[in-house]
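**Student:** All chains should be built: construct the whole structure from the sequences, respecting the hints.
This is what each chain is made of:
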Amino acid sequence: MDRRGFIKIATIGSATIYQTKEAYATEKIMAKVQRDNIMTYAGKNKVPSACWQCVSRCAIVGYLDNNRIVKIEGNPKSLANEGKICAKGQAGINQIYDPDRILYPLKRIGERGSGKWEKISWDDALDLLVYGGEIEGDKVKGLKELRDKEVPEKFIFHYGRMVGTDYLINVNYFLNAYGTASIGDHDSICVRAGGIASMLTGDVAPGNPFDDAKLVLNFGRGLIDAGFDHIPYIRRITKMKEKGTKLITFDVRLSNTAATSDEWVPVKPGTDLAIVLSMCHVLLQKGLYNTKEFEETTNVTIKELKEHLKTYTPHWAEEISGVPAEKIESIAIAYGTTKPAICTSLRGAFMHYNGVQTQRAIYMLNMIAGNIGPEKRVEQRPKWEYPFPFPNNKNKRLNIFTGKKDQFAIPDGGVSHQILNMIDNGQDRPDIYMVYCHNPVYSNGNCKENARVFRDNKKIPFLVAVDVGFSETTELADLILPDATYLERWTCEGRNTPEGIPEYYIRQPLSKPLGESRNFIDVACNIADTLNLNLGFSSAQEFVKATCNNTPGLKDAGGFEYMKKQGIWHDHNAKATFKNRSKVQLKSKRLEEKGYSPIPAWMPIPNHDKLNSGELILTTFKVNVHTHSRTQNCKWLTELYHENPAWINTKTAEIKEIKDGDWIKIQSEIGEMITRAKVTQGIHPGVIAISNHAGHWSFGKYASGKESPVFQPGPDTENKWWKNNGSHVNKIIPNIGDPISGSLCWNDTVVKVEKI
Amino acid sequence: MKLKKYSRKSILKTLAISAAGISGLVLLQKCSFFNQIFKAKKKKSLAMLMDLDKCIGCNACSVACKAENGIALGGFRTRVLEEETGQYPDTKRFFLPIMCNHCKDAPCIPSCPNGAIFQRYDGLVDISKDKCKGYQLCIKACPYGAIYMNPDLEPSRQVANYPARQVTKSDKCNFCQHRIDEGLEPACSNTCPTDARIFGDLKDETSMVYQIVKEESLTGLLEEKGTRPQIYYKGGNKEVFNVERSINKHGE
Chain A
1 MDRRGFIKIA TIGSATIYQT KEAYATEKIM AKVQRDNIMT YAGKNKVPSA CWQCVSRCAI
61 VGYLDNNRIV KIEGNPKSLA NEGKICAKGQ AGINQIYDPD RILYPLKRIG ERGSGKWEKI
121 SWDDALDLLV YGGEIEGDKV KGLKELRDKE VPEKFIFHYG RMVGTDYLIN VNYFLNAYGT
181 ASIGDHDSIC VRAGGIASML TGDVAPGNPF DDAKLVLNFG RGLIDAGFDH IPYIRRITKM
241 KEKGTKLITF DVRLSNTAAT SDEWVPVKPG TDLAIVLSMC HVLLQKGLYN TKEFEETTNV
301 TIKELKEHLK TYTPHWAEEI SGVPAEKIES IAIAYGTTKP AICTSLRGAF MHYNGVQTQR
361 AIYMLNMIAG NIGPEKRVEQ RPKWEYPFPF PNNKNKRLNI FTGKKDQFAI PDGGVSHQIL
421 NMIDNGQDRP DIYMVYCHNP VYSNGNCKEN ARVFRDNKKI PFLVAVDVGF SETTELADLI
481 LPDATYLERW TCEGRNTPEG IPEYYIRQPL SKPLGESRNF IDVACNIADT LNLNLGFSSA
541 QEFVKATCNN TPGLKDAGGF EYMKKQGIWH DHNAKATFKN RSKVQLKSKR LEEKGYSPIP
601 AWMPIPNHDK LNSGELILTT FKVNVHTHSR TQNCKWLTEL YHENPAWINT KTAEIKEIKD
661 GDWIKIQSEI GEMITRAKVT QGIHPGVIAI SNHAGHWSFG KYASGKESPV FQPGPDTENK
721 WWKNNGSHVN KIIPNIGDPI SGSLCWNDTV VKVEKI
Chain B
1 MKLKKYSRKS ILKTLAISAA GISGLVLLQK CSFFNQIFKA KKKKSLAMLM DLDKCIGCNA
61 CSVACKAENG IALGGFRTRV LEEETGQYPD TKRFFLPIMC NHCKDAPCIP SCPNGAIFQR
121 YDGLVDISKD KCKGYQLCIK ACPYGAIYMN PDLEPSRQVA NYPARQVTKS DKCNFCQHRI
181 DEGLEPACSN TCPTDARIFG DLKDETSMVY QIVKEESLTG LLEEKGTRPQ IYYKGGNKEV
241 FNVERSINKH GE
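Keeping their order, the protein sequence lines are chains A and B.
To convert, note that position 722 of the first sequence is 722 in the numbering used here; the numbers rise steadily by one, no gaps.
To convert, note that position 97 of the second sequence is 97 in the numbering used here; the numbers rise steadily by one, no gaps.
In case anyone wonders, no lab produced these hints; they're calculated from the structure.
A portion of the hints provided could be inaccurate.
If you only want the chain A side, here are some residues facing chain B, beta carbon under 7 Å, derived [stated by the list, open to error]:
| hint | residue |
| --- | --- |
| 1 | Y41 |
| 2 | K84 |
| 3 | T238 |
Quick reminder that beta carbons are idealized off the backbone N, C-alpha and C, glycines included.
**Tutor:** Below is the structure:
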C-alpha cells in the first residue's frame with residue numbers, strides 16, 4: 001500500500017481539517033505549471049494518452065515539465081479526432097489540479113451529509129470495506145461477510161462513466177469473481193430509449209458512411225454542441241458542408257447544431273414522431289421507395305405500411321407538431337430523392353414518453369427511402385485480445401434494477417434512475433452501495449428524493465463513494481475512496497472512426513496520482529487479492545501491458561512499448577467492409593405482446609395536448625463547454641458557462657411580461673426553481689429550455705461557490721468573479737420513465753412560468 | 001467583473017515623473033534594440049484568418065489559450081462572441097472569434113508611457129512584462145478590448161500571504177510567441193476542431209493566409225479606426241456584432 005507520511009491532522013471542534021505540505025495544494029502546482037509553460041516546448045516530455053472529459057474519449061498528447069502536466073492537445077496520429085480536442089479536453093488540467101479534489105480516504109464522523117470527515121489510511125479504509133466495522137456507532141457489514149454468507153448480490157456497484165478496460169476489469173473480472181450482478185449504470189438517464197429501439201428493430205446500422213451523405217436530417221442530436229464523438233463528427237460535417245451537403249435540424253431550440261445547419265425546423269417537444277410518420281406517409285404517397293428492396297430487407301410489406309400510415313398526412317402532423325405541412329412534404333421529398341442521404345437522431349428525439357417509437361419511426365423512414373440500403377457496414381470494432389480468462393460465474397442480482405413489476409414494458413438492460421425508488425419501497429435492499437464516478441443525487445430527476453434515500457442508513461447501511469470530486473452524492477457517503485483522475489490511470493481504449501476504421505489506443509498516466517488518490521482498478525485488484533479471488537493480474541498497468549503485448553497486429557508492431565510511445569495503433573489494412581443486412585423488424589412482436597403498436601404509430605404525450613393557458617413544456621440540453629455534471633469545477637469551463645438561464649421565446653416572454661435577464665420562477669408538479677430568463681427568437685414559443693450543467697450545491701468552489709471540506713486555496717481561487725452558480729433543473733423534473741424502455745422523460749415536464 | 005483601477009492622481013503623478021522621458025521612450029522603442037536584434041531575420045507579416053463559415057462557437061480556442069498562457073480567471077486573450085438575428089422561426093446565430101489584432105498601427109504601443117509594448121520584426125505586438133508598470137493606459141487605447149490585467153499566478157512572485165495580493169500586469173494575445181518561435185502554431189488554431197482559424201505569414205505568397213486574404217480582399221474588425229488590424233474575417237456575418245472593446249467585456 002502506497003503510504004505517505006507527511007499528513008498532519010488537526011482536529012478543531014468536531015470537524016477535521018488538513019494541513020498538508022505544499023505538494024498537495026493542487027492549484028499551486030498548476031500555477032507553477034502555467035509559469036513554466038510559457039518558456040519552451042523543446043525538450044518537454046510528450047506522453048500520448050486518452051481524454052475522458054466526455055464519453056467520446058479523444059486521443060490526446062500531454063506535455064510534461066518536471067512531472068507536472070503543462071498542456072493537453074489532441075493526438076495528431078488519431079484518424080478520428082485528427083489532433084483536435086474541444087474546450088473540455090483543453091481544460092483537463094483543471095480536473096487533476098482541482099482545488100476541491102479529494103486526495104485521501106475519508107470516513108464520515110457525524111450524521112450523513114453533515115460535512116464532517118476524518119482522514120483515514122488506505123489500510124483502514126479497505127479494512128472497513130472488506131471486513132466491515134463501525135461508523136458512528138452503527139455496525140456495517142463488509143464485502144467478505146456478504147460473500148461468506150452467500151449474499152454477495154447485496155453489494156451494489158453503481159457506475160456513471162466507465163469505459164474501456166476500466167469497465168472490463170471492474171465488471172467482467174472483479175465483480176464477476178466477487179459474485180454480484182447487482183450492477184447499475186446510468187443509461188436510462190442517457191440514451192437507453194434509443195438503444196431499446198435499435199434492439200427491437202435489429203439490423204439498422206447505416207450502409208453509407210456518414211460523410212458521403214448529400215443530405216442529413218437531424219432529429220434532436222447535438223452533433224456540433226456535445227453529441228457522442230462530437231469532435232470526429234464536427235470535422236466530417238465541416239468537410240461535408242464544404243462539398244455542399246445540406247444539413248436540416250429539427251429541434252425545439254436553436255442549438256449551435258441547428259444554427260450551423262442549413263435549416264432549423266422548430267418542433268413542439270415530443271412531436272418528432274408525428275413528423276417522421278408523416279414523412280413516411282409522403283414517401284409512400286409519392287412512390288419514393290423500392291418495393292423489392294424494402295420488402296426483402298424488412299418484415300413488412302408496402303401494402304401493409306400504406307394502410308398503417310394512411311392517416312398520418314402532413315396536415316395531421318402540422319396540427320400536432322406545429323411544423324407546416326408543406327415543409328414536412330418538401331423535406332420528405334428531398335429526403336426520398338437525394339442519394340445518398342441519412343437521417344440521424346439522439347436524445348432530443350427519443351428521451352420522451354414516446355421515444356422508443358420515435359426512434360423506430362426514424363429507422364422506418366431510412367428503410368422506406370432506401371437510405372441505409374440492403375447492405376450494412378460491418379462494424380470492425382477494435383478487438384483487444386485479453387490474455388486473462390474471464391471468471392465464468394452465474395451471479396445473482398437484487399431485484400431493483402428494472403423498476404417495479406410491469407412498470408415498464410421492455411426495461412432490458414436496466415432502469416438505473418429507479419434504483420433508489422426501488423430500495424426506498426421494496427424488499428430487496430443492499431448492505432453495501434458503492435457509487436463509482438457517478439452522481440445520482442444530481443443526475444437523476446427529483447434530486448431531493450434521491451438525497452433522502454441516500455441519507456437513510458436503514459435503507460442503505462453502508463454507502464461508499466469512489467470519486468475525484470466532492471459531489472452531491474459523495475458528500476452523503478460513509479466512506480470516500482479517492483480515485484485517480486483520467487490523467488493518472490491506465491486503460492486500453494478503442495473506438496471506430498466515423499468511416500469505420502478501428503482505432504486502438506491507450507490511456508496512460510501523465511502524472512502519478514496526486515496525494516494518496518489511487519486508480520480504483522488497482523484498488524479492486526487489491527480487494528480481489530485480499531478475498532483470494534485470483535483475477536490473474538494485480539494492477540491496471542499490468543493488464544494494459546499484457547493486453548497490448550497479446551493483441552494480434554499490435555504485438556508485432558511492438559506491443560506495450562510501441563503504445564507507450566505512440567499511444568495509438570491502426571491496422572493499415574483495415575477498411576470498412578459491407579455485407580447483406582438481416583431483416584429489419586419494423587413490426588415488433590415484443591411490442592405487440594406488450595400491447596403497443598408493432599409498427600411505429602403515434603403516441604401522444606400525456607398532458608401535452610391539454611396544456612392550460614400559460615403552461616410551457618420544459619426541455620433540457622447540453623452546452624459545448626461542459627459534460628453533464630462532471631466538469632463544473634473546471635474553472636476555465638465554468639468561467640465560460642456558470643449560470644443556466646432559461647431560454648424563452650420573445651413572444652411568450654412578452655405575454656408573461658418577462659424581459660431578458662429577469663428572474664423567473666418555474667414550477668412543475670414536484671417543485672420550483674428560480675433562474676434568469678434568456679429571451680430569444682431561437683426557441684419554440686411553447687417551450688422553456690434549461691441546461692443541466694449549472695446549479696451544483698456542492699462539488700467545489702468553482703461549481704457551487706461552496707468550498708469542499710478538503711478545499712485547498714490556490715493563487716486563482718480568489719479570482720473567481722461570478723457570483724451566480726445557476727440553479728439545477730433536475731430538481732423539478734419528476735424521476736419517471738417512458739412506458740416502454742423506462743428511460744427518463746427529460747423533455748416532457750409541464751411547467752408554469754412567472755416573473756418574480 | 002471589475003478591473004482594479006489606478007486612481008487618476010497616481011497616474012498623473014507617474015506621468016509627471018516620466019513626462020520628460022516619454023517622447024524619448026517612444027522614439028527609443030520605435031528604433032529599439034528589438035528591431036536591431038531582429039534586423040537580420042527575414043521580415044514577416046503574421047496574421048490570422050478567421051473563417052466564420054466554419055466557426056461553430058465551441059470555445060476550444062478560448063480554453064486552449066487560457067491553458068497555454070496561464071491566464072487567471074477574469075481575463076481573456078481570445079473569446080468567441082455570439083449574436084442572434086432574425087425573427088422566429090427564421091432565426092440565425094453567428095459566431096465571431098476575437099483576439100488582439102496585432103495592428104500595423106497599434107494604438108496601444110504609443111499609449112504606454114514606459115515603452116513596454118512593442119512590435120516585433122514579424123509584426124506581432126507584445127508586452128514586455130518587465131517594463132509594464134500596470135498603468136493601464138493601453139487598456140484604454142485599444143478599441144478591441146484586447147488588453148486586460150492578468151494577476152501573476154506564480155506564488156513565488158507574489159507579495160507575502162497570497163492570495164491577499166497578486167502582482168498584476170497588462171496582458172494580451174502574443175500569437176503564442178513561445179510556440180511560433182519553435183515552429184508550432186498558436187494554441188488556438190492548433191486545437192480548432194473545424195480549422196476555422198488559419199495562422200500564417202502574409203509575406204509568404206504560398207501560405208494559405210496570403211492566398212485567401214489577398215484573393216478575397218478580406219478585412220478585419222473596426223477598420224475605420226485606422227489601426228490596420230491583422231486578424232482577417234471570411235464569410236459569416238461580422239457586421240451584426242458590436243466588437244468595440246468586446247474581448248474583455250464580459251461578466252455579470
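**Student:** Hint validation: Y41 of chain A versus chain B, beta carbon distance must be below 7 Å. Holds or violated?
**Tutor:** OK, holds: Y41 of chain A within 7 Å of chain B, min 5 Å.
**Student:** Please check whether T238 of chain A passes as an interface residue: C-beta within 7 Å of a C-beta belonging to chain B.
**Tutor:** Given a least distance of 4 Å, the restraint on T238 of chain A holds.
**Student:** For the restraint on K84 of chain A, tell me whether the closest CB of chain B is nearer than 7 Å.
**Tutor:** 5 Å, holds
Hint violations for this structure: none, all hints satisfied.
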